[in-house]
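Visitor: Protein chains in written order, with UniProt numbering: chain A, 1 to 300; chain B, 1 to 333.
There are no misleading hints in this set.
Examples of chain A residues lying across from chain B (beta carbon under 10 Å, computed):
1) 146
2) 149
3) 153
4) 223
5) 247
6) 265
7) 273
Sample of chain B residues lacking proximity to chain A, with all beta carbon distances greater than 10 Å (derived):
8) 2
9) 175
10) 194
11) 263
12) 312
The hints are simulated quantities; they were obtained by calculation from the structure and are not laboratory data. These numbers were taken from a predicted model, which means no experiment stands behind them. Even glycine gets a Cβ: it sits at the ideal position worked out from N, Cα and C.
So you can see what is in the structure, the chains are spelled out below.
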Amino acid sequence: MTTGLIARTAAEHAPGLPAPAAPRLPRRVARSKRAVAGLILLAGLFTAAFAGPLLSRWGWDDTDFAAFRQGPSAQHWLGTTQSGRDVLALTLRGTRRSLVIGLSVAVLSTGLAGLVGTVAGFAGGRLDRILMWGTDLLLVLPSFLLVAVLVPLLGGGALVPLLAAVLWMITARAVRGMAASLREREYVLAARFLGAGPVRTIVRHVLPQLASLLVVDASVNVSVAVVAESGLSYLGFGVRPPDVSLGTLVADGQGAATACPWPFAAAAGMLVLIVLAVNLLGDGLRDVLDPESGPRRGGR
Amino acid sequence: MAAFLLRRFANCAVLAVAAASLAYLLAAAVLDPRANFDGRAPRPPESVVDAQLTRLNLNDRTSLAVRYGTWAAGVLHGDFGRTWEGQPVNAELWRRLGVSVRLLSPGAILGSALGILVGAYAAIRQGRAADRFITFGSYLLLAVPVFVLAVLLQIAAAKTNDALGMHVFAWVGETTPGAAYGTFGALGGLADRVRHLLLPTVTIALTQVAFYSRYQRGLMLDVLHADYVRTARAKGLRHRTALLRHGLRTALIPMTTYFAYSFGFLLLGGMFCEQAFGWHGMGEWLVEAISRGDVNVVAAISFLAACGVLSAGLVSDVLHGFLDPRVRSGAAA
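Full structure from sequences and hints, please.
Guide: What follows is the structure, given as structure tokens:
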């Protein structure tokens, strides 16, 4: 795979600028095997999570009093739990939850990072110092503690905003750095001297340059949020019973996992598939959007 | 270097104090130790509960500032206060810290060393079967959360135990009770400890290997064809020596930053490992303390965790200076 290498050396003469005469984005994404694999996998997961429950005859909260802790059968494709709930329906419910939480956390946190970062970098001066000071302060806050303490107090709905609130800071710093350097670029200066206001300048001239960073960051945040949510639920701080998420399913299943692996295996497998799909998509997008980016890609 | 380190150290101390104070304020403002008394039968009278909570500095009817003042004064004297049951936090804290260190350190050391070697090896064999295998494996492992990995290993170990018909693997807790008093005495106790350590160590080591090897492979690829490695070869060094002495040493420098970065994740992973393997360490205690509203315990653990992460940052700076002479001279200037 020498394409990455060529793109890297080619991009060196103009870091931060898109490659000249680049083909349209969808076509470039389609050329990345990883991005396509991730997209297909993710689409499959979404379809299963949202359409699957409509086809299944068991609801996630139904109890089958005729089948406790059974293996897969024609009735229950993935067996039942100790309390007679259908494992497939539970897993799909948890998957839906994880997907929704992951996506909304990523959108929220990346949006916040983009907003704070561009404003701080573009405004400079006192506003910049205040915003960055606040960002640093939040970085010091023990984030696990913040989420674990506040979610039980505020209820399950607070999970998404809280996760987003602890994830945006590092990206905001990176965005601020880029925005501060973009501010001095000729075309941005030209736009400003031509009379464009700060909002228009940011939206039209600065944000497009930051888009690749933000897209890649959002995709990373999806998998971080999915793992964080399931981890918190696993420890008992996230989603509360009777509602289920992949984390609570893994926690419930692990006790009997050696004797009756189905509930655990289904939830754990889904969790791994989601993270894998999002990672694939994110790495593919990174390859396409900023080929000169660092060692994360493994130099391929 | 000394002045640079001193400045960094002062910075870290300020951050540690800030993190601990924020953790205390957050826990004290939100957690509710009073609820622990609700479930008691017969329920103690309000005045008794109040007196007990005040004695432990946990009373939510005292103003937050006063409670914080009492707590901070105690911490300055090295006293982290008491749990809601009235036990001193300090004694339990050091005991639990020992458990966590015993759980984490073998896996962390083994995993990071192995990860760097595996990553470097994959880079040298770029594109061949070994590289493909390592790259794919680490990619897959990175997608598996720690708690899933731990349970998967437990299932595999249970199957192996069944297949062999004997108890080869053990994974619940730190020791089997009474193991040190068996036929082999203290030696048997040690063997039992090692046996219990096996699966947690593999769990932590695997996650570390996946993380480090991925970064190390990329870094190593960058230096593989660098001029100075070619020079070292031209000078007459053997391929292996040139790569290890000149290549790997340079490729290690950026890893020091990742080391600091990954330390926090190591602590979090340790928390899940303790839960999954039933070790009574700091992570388990933190989870218990949050659900019980044990403010002083939460603050003490947060303080130690912050100190751990910050000193990992310091260590990475020292390592950076040790590996890269430019940092040393640059900082002295």
